[in-house]
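Novice: Chain by chain, the residues:
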Amino acid sequence: MNKYLLKFPIFLFIIVLLVFFYLLIIERNPSEIPSALLNKKIKNFESESLLKGEKFFSSNYIGKEIILVNFFASWCKPCRDEHIFIKKFADKNLKVIGINYKDNPEKAIKWLKKLGNPYSDIAIDNKGKIAINWGVYGIPETFIIDSKGVVKYRHVGPVTKKIYRKMNLLLKEIK
Amino acid sequence: MKKVFLILLSIILIQFNSDDSYSLEPDEILKNTKQEMRARNISKNIRCMVCQNQSIDESDAPLATDLRILIRDKIKNGKNDKEIYKFLSDRYGDFILLKPPLKLNTLALWFLPFVFLIIGFFISFFNNKKFNKILK
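So the sequence lines, in the order shown, correspond to chains A and B.
Using the numbering used here, the first residue of the first sequence is number 74, and each one after it goes up by one.
Using the numbering used here, the first residue of the second sequence is number 14, and each one after it goes up by one.
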């Protein structure tokens, strides 16, 4: 009995070690927090449109078709890095909605003129309230919303080649 | 030697006393002291999602400021603490709460330390020579 009991802590230690090792080698980013909104319907919101000079109603886009929602700002360097991929999504006839986070509207328009505009419409979020409602904690963040208005995917940080491929696969799956 | 000891002791005491360090801006503070106290208490329990190991009460991150203002707005609008916590965890998940709630998926987190403690207790108990002698 005693012999077995003595071996138990060693056994437990090995299990803990294996769990840690597994967590170390699997592909994951511990600082990335899964979205609490995943597989939930997103609430509609109103704002000003950056390009159209009129009110922005999210209900015009959310729940109508599959859309991509991208939080960005002209001051955000990673947003510039991912812009090429956001444009690729728009080129594939996917509706891309931008949310311009705490930005100077003039600078944002200039930025879009220089880099190209993949967005069908852009909502202004000058106080970051829309971002909080979407559980955003660091831009850029990109969401895939299905035709029922349900959040299917959220990516924190710039969309890279790898993420772009992953998102395309998911989009095919949803369609 | 005594001097060194006193310096070390004062450093330690300062560390223990640093509970009151916060990043609140003067214009954020509510005029109603009761409401302000509630806001401070909630802020201390909300994790800053940017820095992750600080509460929004201590953090200088812009998102922490936004959340502090949002909490104060909700208090002014008559929302109770539970509703405010729910609003935040609905959007950011339970991770935003510095004290994880007791739920089915957090049972291990809450009770495993006690389980390990009991196991450890039994192991040391059964390996105690005196105890074994009594058993014999």
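A portion of the hints provided could be inaccurate.
Incomplete in silico selection of chain B near chain A, CB under 10 Å [as the list claims (entries may be wrong)]: (1) Leu-21; (2) Ile-25; (3) Leu-26; (4) Cys-61; (5) Asp-79; (6) Ile-82; (7) Glu-96; (8) Tyr-98; (9) Phe-108; (10) Leu-111; (11) Pro-113; (12) Pro-114; (13) Pro-126; (14) Ile-132.
Bear in mind the hints are in silico, worked out from the structure with no lab data behind them.
Quick reminder that beta carbons are idealized off the backbone N, C-alpha and C, glycines included.
Novice: Decide, hint by hint, whether the structure agrees.
Specialist: Structure-based check of each hint:
A distance limit of 10 Å between C-beta atoms decides the matter here; for Leu-21/B the minimum to chain A is near 34 Å, and the interface restraint is violated. About 31 Å separates the beta-carbon of Ile-25/B from the nearest beta-carbon of chain A, more than 10 Å, and the hint is not met. Interface restraint check: Leu-26/B against chain A, minimum CB-CB distance 33 Å, threshold 10 Å, status violated. The interface hint given for Cys-61/B holds, since its Cβ lies 9 Å from the closest Cβ of chain A, which is under the 10 Å cut-off.
Given the 10 Å rule on beta carbons, the hint for Asp-79/B holds: about 5 Å separates it from the nearest Cβ of chain A. Taking 10 Å as the C-beta contact cut-off toward chain A, the hint placing Ile-82/B at the interface holds, the least distance being around 9 Å. Here the hint on Glu-96/B is broken, as its CB sits about 15 Å from the closest CB of chain A, past 10 Å. Hint status for Tyr-98/B relative to chain A: violated, with the closest Cβ pair at about 13 Å, above 10 Å.
Taken as an interface hint, Phe-108/B checks out: its beta carbon lies about 5 Å from the nearest beta carbon of chain A, inside 10 Å. With a cut of 10 Å, the hint placing Leu-111/B at the interface with chain A is violated, because the nearest CB-to-CB distance is about 14 Å. With its C-beta approaching chain A no nearer than about 13 Å, Pro-113/B sits outside the 10 Å limit, and its interface hint is violated. Look at Pro-114/B: its Cβ only gets to about 13 Å from chain A, farther than 10 Å, so that hint breaks.
About 13 Å separates the beta-carbon of Pro-126/B from the nearest beta-carbon of chain A, more than 10 Å, and the hint is not met. Proximity of Ile-132/B to chain A holds as hinted, the smallest CB-CB distance being about 7 Å (cut-off 10 Å).
Of the numbered hints stated above, those contradicted by the structure are hints 1, 2, 3, 7, 8, 10, 11, 12, 13, listed in ascending order.
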